[in-house]
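Novice: With the working numbering applied, the sequence shown closes on residue 94, and no number is skipped along the way.
What the hints contain is simulated information worked out from the structure, not anything from laboratory work. Using N, Cα and C, we set each Cβ at its ideal position, and we do this for glycine too. Wrong hints could be hidden among the right ones.
Pair by pair, the computed Cβ-Cβ distance ranges are [said to hold, decoys possible]:
id, residue 1, residue 2, range
1, Gly33, Val88, 29 to 35 Å
2, Val85, Pro54, 19 to 25 Å
3, Met34, Ile84, 17 to 23 Å
4, Arg90, Leu8, 28 to 34 Å
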Amino acid sequence: MNLIIMLIVGGILGWLASIVMRTDGQQGMFLNVVVGVIGAMLAGFLLTPFLGGAPITTGAFDIKSLFVSFLGAVVLLAIVNLVRRGSIR
């Protein structure tokens, strides 16, 4: 059950990050889920120790962990855009 919730939340966070980074038209639902989940893992390893709280991948769904996971998804999309296009946008 925790995996299903993480996939749903990852999809929503990936979708919101793609709207912020203006890549929503280029991604489908599957890529939004992938970006959200990988961004959450990236944030869990890199940002959570600095900002505190528990990573969303451990099942903590509070506002701080959701925000940090969203930041991780935005950073992931910025890195992908930088490699693909040479600019963050």
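Novice: Look at each hint and say if it fits the structure.
Specialist: Hints, verified against the model:
| no. | hint | verdict |
| --- | --- | --- |
| 1 | Gly33 - Val88: 29 to 35 Å | violated (20 Å) |
| 2 | Val85 - Pro54: 19 to 25 Å | holds (23 Å) |
| 3 | Met34 - Ile84: 17 to 23 Å | holds (21 Å) |
| 4 | Arg90 - Leu8: 28 to 34 Å | holds (33 Å) |
When each numbered hint is compared with the structure, a violation occurs for hint 1 only.
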